Amino acid sequence: MNAIQVEHLTKRYDAVLAVDNIDFAVPLGETIGLLGGNGAGKTTTIAMLLGLIVPTSGHITILGHNMATDRFAALERMNFSSPYVALPQRLTVKENLRVYGHLYNVRQIDARIDTLARELDLGPILNRPAGQLSAGQKTRVALAKSRINQPEVLLLDEPTASLDPDTGDMVRSWLEQYRTQSGCTILLASHNMAEVERLCDRVIMLKQGRVVDRGTPDELLARYGRHDLEDVFLDIARDRRQAVPV
Amino acid sequence: MKAPHFMKAPHFMKAPHLQPMFRRIWGLMYRHLALYRRSWPRLLELMYWPILQMCIWGFTARFLTARMGSPAIMAGAVLLSGVLLWEVTLRSQMGVSISFLEEMWSRNLGHVFVSPLRPFEMLAALVAMSIIRMLIGLVPAILLAWAFYAFNLFSLGPALVLFFINLMIFGWSVALGVVSLILRHGAGAEPLAWGVLFGLAPFSAVFYPVSVLPAALQPLALMLPTTHVFEGMRAILLQGDLQWDHLAAAFGLNAVWLGGAALLFARQFHQARVRGTLMSIGE
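Each protein sequence line maps, in turn, to chains A and B. Going by our numbering, the first residue of the first sequence is number 1, and it counts up by one from there. Going by our numbering, the first residue of the second sequence is number 1, and it counts up by one from there.
Careful, some of the hints might be misleading.
[Said to hold, decoys possible] Derived, one-sided and incomplete: chain A residues facing chain B with beta-carbon distance under 10 Å:
no. : residue
1   : Phe24
2   : Ile53
3   : Ala73
4   : Ala86
5   : Leu87
6   : Tyr100
7   : Lys145
Rather than coming from a laboratory, the hints here were simulated on the basis of the structure. In this text, all values refer to a predicted model and were calculated from it rather than measured experimentally. Where is the CB? At the ideal position from N, CA and C, for every residue including glycine.
All chains should be built: construct the whole structure from the sequences, respecting the hints.
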């Protein structure tokens with residue numbers, strides 16, 4: 001069964017075609033990377049998956065729920081994290097997590113917060129206002145929020161953007177561990193190719209709203225004759241080399 | 001650190017089949033209550049304007065009474081009742097609008113809208129917060145009116161409850177309209193949260209009867225539920241008469257206003273999802 005099924009998904013804003021008839025499926029338990037330059041349609045695609053944007057046409061099914069007609073049933077079983085969406089700055093970390101614990105109908109919220117605090121090393125900052133945290137601490141809090149309901153599907157929009165290499169590596173390690181332990185399906189939009197190579201089972205390359213290529217990181221490297229995904233990304237972004245049949 | 005007792009979900013929210021819905025509503029309320037718990041200036045601001053209004057009009061009424069004698073006593077009562085009841089509408093409207101703006105200012109709407117919180121649950125939480133905000137703002141003003149001017153708002157009798165309900169519903173209707181405009185026009189519509197209801201005050205006959213208005217404006221005034229509440233309030237104070245026709249009109253008009261505002265909100269919420277602006281509201 002696919003955790004996420006996207007068919008003929010299109011989003012048009014007047015003359016601008018943000019997402020152009022894309023199809024993809026994410027099997028249960030897999031981690032898929034959504035790659036593309038700025039304006040490629042990654043964020044719009046994620047927003048449509050979350051029900052924040054209504055598609056112009058096409059269908060999205062998540063965990064068997066049609067997002068056009070039954071999105072709240074799916075939203076209860078998924079979660080989302082992005083450094084571009086903030087948590088209330090004046091609330092403490094614990095209060096923020098309690099808010100989302102209630103919104104996601106989590107039972108025994110305080111015990112759940114304690115577990116997340118242990119896993120993400122939030123103990124020392126639980127009673128600090130979210131607005132006083134460093135970028136790395138905010139990212140860990142956002143990840144804790146995204147796991148508050150033990151989601152079966154997790155959508156991550158550039159989870160390590162603006163983090164120093166050490167913190168970024170810690171977040172990636174934590175994501176790897178979490179995926180292994182929980183079997184959670186993850187859709188990851190990122191510009192960090194090393195991160196995508198490390199975390200993703202498969203990759204979908206977007207350009208100007210279209211899927212221009214897809215495959216495992218190894219398949220893409222072989223197809224473009226490259227040693228790292230960054231070069232593959234640049235080949236696609238700059239139209240400088242075509243994939244070769246392998 | 002455990003949450004203080006008053007920050008725990010109330011017992012009536014624990015009915016099994018309704019529990020998830022009430023927990024989501026409580027979640028959003030908790031977010032705002034936590035904010036007020038930490039910020040005494042916010043609490044003070046809630047009380048500041050109602051008390052200020054009550055002082056200005058209370059001393060005006062006292063001055064008129066001193067100069068004009070007993071006929072002004074009743075005028076003073078009408079004035080103070082009008083001030084305090086108008087604050088019910090104003091605080092109810094601002095309670096919903098400002099709570100929504102708080103979400104927008106904290107750039108938190110993206111998380112809220114991708115949670116399982118239904119739009120009507122979000123509105124229920126904002127309405128509940130507006131009741132709390134209104135009571136925090138108004139109760140001190142009512143008590144001070146009693147202490148300073150021996151004016152007892154509760155002398156209006158049980159009808160006061162019906163007046164309160166109608167004024168709150170109208171405040172929420174206007175707030176839904178404001179939130180709809182914010183969903184449509186973003187931060188540009190923010191000032192409406194503070195100003196829009198003042199534009200309706202002259203037509204609501206808060207301090208004077210509808211008959212004072214020019215004939216052409218009277219039908220417009222009678223389309224507002226608030227007008228009927230204030231006409232009813234004056235009837236009680238001046239004639240000791242509870243006019244059910246005005247109350248019925250207020251409830252009927254409120255049903256129309258609230259229904260219209262809810263439809264407008266639902267449409268603008270959907271349109272914001274179509275335009276893809278839900279995450280960027282306020283920018």
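Now for the hints, and whether the structure bears them out:
1. Phe24: violated (20 Å)
2. Ile53: Holds, because the Cβ-Cβ distance from Ile53 (chain A) to chain B comes to roughly 4 Å (cut-off 10 Å).
3. Ala73: holds (8 Å)
4. Ala86: With Cβ-Cβ at 4 Å, under 10 Å, it holds.
5. Leu87: It holds, given that the least Cβ distance between Leu87 (chain A) and chain B is near 6 Å, below 10 Å.
6. Tyr100: Hint on Tyr100 (chain A): holds, closest Cβ of chain B at ~7 Å, below 10 Å.
7. Lys145: holds (7 Å)
Hint check: a violation occurs at hint 1 only; the rest are consistent with the structure.
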